[in-house]
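Q: Start from chain A and add chain F according to the hints.
The lines below spell out each chain.
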Amino acid sequence: MKNRNFWVILTGVIIGVAALALTALGNPGNMGFCIACFLRDTSGAMKLHSAEVVQYVRPEIIGMILGAMIIAMLTKEFKPRGGSSPMIRFVIAVIVMVGALMFLGCPLRMMLRVGGGDLNAIVGLVGFIAGIFVGTLWMRGGFTLKRAYTQSMTEGLALPIIAAVIMALSVFLPSLFAASESGPGSMHAPILITLGVGLVTGGLCQRARFCTAAASRDAMLFKDFSMLWGFVAVIVTTIVGNLILGKFNLSFADQPVAHTDGLWNFLGMALVGWGSVLLGGCPLRQLILAGEGNSDAAVTVAGFAVGAAICHNFSLAASAKGPTVNGMIAVVAGFVILTLIGLFNREKA
Amino acid sequence: MLIVDARGLLCPEPVVRTQRAVKDGLSELTVLVDAEAAKENVTRFAASRGYAVSVKQEGADYTLSLSRV
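Protein chains in written order, with my numbering: chain A, 1 to 349; chain F, 1001 to 1069.
Only chain A is shown next, with the shape it has when bound in the complex (with noise of 0.2 angstroms):
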């Protein structure tokens, strides 16, 4: 249990620093490494999506798929295995997404803001620490999205690889991929910085089991506070981090690629908080599962994508300057999706 403890300590202390080091070297702003927002760029690159100021290959999200893929691997923890509802977990997957964009970043960015002293994001925080208590009200309800069964080898390798070869084209053959010229598109620190802590985070959270939504949804169904360490961490470590860099600025308005709107960032965050609980992980966690040949976490991965596409061809995503009528729209939509999916999808104990 010790063990396990320094584990996700250290896991969120080398994820606050990474965090700290990438903004310094040119990603976002309190965006060291957002996993819906990178998610988000990655599938404006491909061109799902038009919007011109958010298209980047990201390899952090490439690296830590990888990462963990290798670390499952020589720990002989790369299990291929999935059929647990897949289609439910891809529409909850681009739930949790209209939910990230309207509150601008996962969770784990979520953590760098208030580490920022973004004051918007504690009002995150609450909001996904709501999310997840109904969430748990749901799981002790007998919520299930069913049993997953062991898959095929090439089942469980085929995100691992479409990253690989994503990755491979991005850096051999740019003109592919579609490349912002301003806004936060454009902000990125050298790729093989950024690749590199992919690997070394992905491979550090396979083995912490870190996940975001774990920290807060354990300690409430099983008093278990284990993860909850290193959720703090992260966040300890960034206002450290923020501190002597002269970076912490506590506020709620002008921040970095954020909005002030509080009941927006609450409902926001809210979502993805219950969302991530039905889907047994925060989207980090999801990238994890994905590379340890989870292809029920892979299609999770491929929902996230093609819902960013969607916040942004639909004008769901908000922006620096606020939500938008359709997000709001959609962040309603969501909640009563989930109720509808959190309903029909229950076993009697």
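Bear in mind the hints are in silico, worked out from the structure with no lab data behind them. Heads up, a few of these hints could be off.
Stretches of chain F that chain A covers, calculated by requiring three or more beta carbons in the stretch to come under 8 angstroms of a beta carbon on chain A [stated by the list, open to error]: (1) 1005-1013; (2) 1036-1043.
List time: in silico BS3-like cross-link candidates among lysine-lysine, alpha-carbon distance up to 30 angstroms [stated by the list, open to error]: (3) F:1023 to A:223; (4) F:1056 to F:1023; (5) A:348 to A:79; (6) F:1056 to A:247; (7) A:146 to F:1023; (8) A:247 to A:321; (9) A:247 to F:1023; (10) F:1023 to A:76; (11) A:321 to A:223; (12) F:1023 to A:348; (13) A:348 to A:146; (14) A:247 to A:79; (15) A:79 to F:1056; (16) A:321 to A:47; (17) F:1056 to A:76; (18) A:79 to A:146; (19) A:223 to A:146; (20) A:146 to A:76.
Given the structure is predicted, the values throughout are model-derived calculations rather than measurements. In this text, a Cβ means the ideal position worked out from N, Cα and C, and glycines have one as well.
A: Just chain F now, kept in the frame of chain A:
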């Protein structure tokens, strides 16, 4: 003896099902899981509720035998 078959279930379901099973104060219980993370989580949960856990691996599956200390 009660057997909780949590194979193929993603966290937190294996632990939720174990939690539901031990609610009535069972002295012995078997939990089947097939993922490393589930094995660790159920073991940690069981220990926190005062159960001793012995783990047996058969192929890709783990049989966790819980007994009240």
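Q: Each hint: holds or not?
A: Do the hints match the structure? See the list:
Counting residues of the region 1005-1013 of chain F whose beta carbon lies closer than 8 angstroms to any beta carbon of chain A gives 7, which reaches the threshold of three, so the coverage claim holds. Requiring three or more residues with a Cβ within less than 8 angstroms of a Cβ of chain A, the coverage given for the region 1036-1043 of chain F holds, as 4 such residues are present. With a C-alpha separation of about 15 angstroms, the suggested pairing of residue 1023 of chain F with residue 223 of chain A holds against the 30 angstroms cut-off. Between residue 1056 of chain F and residue 1023 of chain F the alpha-carbon distance is near 24 angstroms, which keeps this suggested pair within the 30 angstroms criterion.
Only pairs whose Cα atoms come within 30 angstroms are accepted, and residue 348 of chain A paired with residue 79 of chain A is accepted, the gap being roughly 29 angstroms. The hinted pair formed by residue 1056 of chain F and residue 247 of chain A fails the criterion: a straight-line CA distance of about 51 angstroms is larger than 30 angstroms. Restraint check for residue 146 of chain A and residue 1023 of chain F: satisfied, since their Cα atoms lie roughly 22 angstroms apart, inside the 30 angstroms limit. The straight-line distance between the Cα atoms of residue 247 of chain A and residue 321 of chain A is roughly 22 angstroms, inside the 30 angstroms bound, and the hint therefore holds.
Of the pairs offered as hints, the one joining residue 247 of chain A and residue 1023 of chain F is violated, with about 49 angstroms between alpha carbons and a cut-off of 30 angstroms exceeded. Distance hint between residue 1023 of chain F and residue 76 of chain A is unfulfilled; the C-alpha atoms sit about 34 angstroms from each other, more than 30 angstroms. Simply put, residue 321 of chain A and residue 223 of chain A have alpha-carbon atoms about 39 angstroms apart, too far for the 30 angstroms limit, and the pair is violated. For the hint linking residue 1023 of chain F to residue 348 of chain A, the alpha-carbon distance of about 15 angstroms falls within 30 angstroms, and the restraint holds.
With a CA separation close to 13 angstroms, the supplied pair residue 348 of chain A and residue 146 of chain A stays within the 30 angstroms bound. For the suggested pair residue 247 of chain A and residue 79 of chain A, the alpha carbons sit about 42 angstroms apart, so the restraint of at most 30 angstroms is broken. Annotation: proposed proximity of residue 79 of chain A to residue 1056 of chain F holds, straight-line Cα distance about 18 angstroms (limit 30 angstroms). At most 30 angstroms may separate the alpha-carbon atoms for a hinted pair to count; residue 321 of chain A and residue 47 of chain A meet this at roughly 24 angstroms.
Between residue 1056 of chain F and residue 76 of chain A, the direct Cα distance comes to roughly 17 angstroms. Compliance with the 30 angstroms bound is thereby established for this hinted pair. For a cut-off of 30 angstroms, the pair hint linking residue 79 of chain A to residue 146 of chain A stands: about 18 angstroms separates their Cα positions. Note on residue 223 of chain A and residue 146 of chain A: the hinted pairing holds, with a Cα-Cα distance of about 25 angstroms set against a maximum of 30 angstroms. In summary, the hint linking residue 146 of chain A to residue 76 of chain A is supported, as the alpha carbons are separated by about 24 angstroms, within the 30 angstroms threshold.
The earlier numbered hints that this structure contradicts are 6, 9, 10, 11, 14.
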